[in-house]
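Asks: Sequence lines, in order, name chains S and F.
Note that the working numbering has the first sequence beginning at 1, numbered continuously upward.
Note that the working numbering has the second sequence beginning at 1, numbered continuously upward.
Think of the hints as simulated: they come from the structure by calculation, not from any bench.
Since we're looking at a predicted model, the values are computed, not measured.
Take these hints with a grain of salt, some might be off.
The list treats identical chains as interchangeable, and a pair is accepted whether it falls inside one copy or across any two copies.
Unchecked claim - The list that follows gives simulated cross-link-like pairs (lysine to any residue, SDA-like), each with its CA atoms no further than 25 angstroms apart:
no.	residue 1	residue 2
1	Lys90	Leu57
2	Lys28	Gly95
3	Lys28	Leu77
4	Lys30	Ile71
5	Lys30	Glu82
6	Lys98	Phe48
7	Lys30	Asn83
One-letter residues, chain by chain:
There are 2 protein chains.
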Amino acid sequence: MDYINIIGLIAGAMGGISLFPQVLKVVKNKSTKDISREMFLLLAGSIFLWLVYGILLNNLPIIIANFFGLIQALIILFYKIENQLRKRAKERVYGPLKIS
Amino acid sequence: MDYINIIGLIAGAMGGISLFPQVLKVVKNKSTKDISREMFLLLAGSIFLWLVYGILLNNLPIIIANFFGLIQALIILFYKIENQLRKRAKERVYGPLKIS
């Protein structure tokens, strides 16, 4: 394998694990106020399409990196959306709040 | 171009613009408490290597998507690290604080 492909593999591996610290932070603190829901919707959509791309090309590194990336993005999105739904439910009772 | 490459192009374009809503949120609110610095360090590193990969392969779509992605990741990191430095400076004066 030439050095260009090695750079691509390292880039892919770094990207694949990059969401993990954010998952840990969200699971630990439960707070998602500063996180953009739209960012993680776009990111999850992009990772899903890369996963489809990898499956169609039968390229195992692309499949593995994006499979784990997608799970991580969905965990972050789950916490974000859950917090927003919880905030809205509280606002129906207490009026506008500053958390999400 | 076959449909597999089109899926890859859409995935790349979605990934390239995915950080933009987070940049807007950070610039607007200045708050970065819930954002993981390690996530954006890994992501910026990954995007930088994809940029190098694109330059070495002379692949313009990869270069463009990752050039703009890198700028966005660095803006988010800049706000995060600036907030952390500001927090540390305040803590030297006032003791432990809960912001970052």
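Asks: Please go over all the hints and tell whether each is borne out by the structure.
Replies: A quick look at each hint next to the structure:
no. : hint             : in the structure
1   : Lys90 with Leu57 : neither (47 angstroms within a copy, 53 angstroms between copies)
2   : Lys28 with Gly95 : between (27 angstroms within a copy, 23 angstroms between copies)
3   : Lys28 with Leu77 : both (15 angstroms within a copy, 21 angstroms between copies)
4   : Lys30 with Ile71 : within (17 angstroms within a copy, 28 angstroms between copies)
5   : Lys30 with Glu82 : both (10 angstroms within a copy, 23 angstroms between copies)
6   : Lys98 with Phe48 : neither (32 angstroms within a copy, 36 angstroms between copies)
7   : Lys30 with Asn83 : both (8 angstroms within a copy, 20 angstroms between copies)
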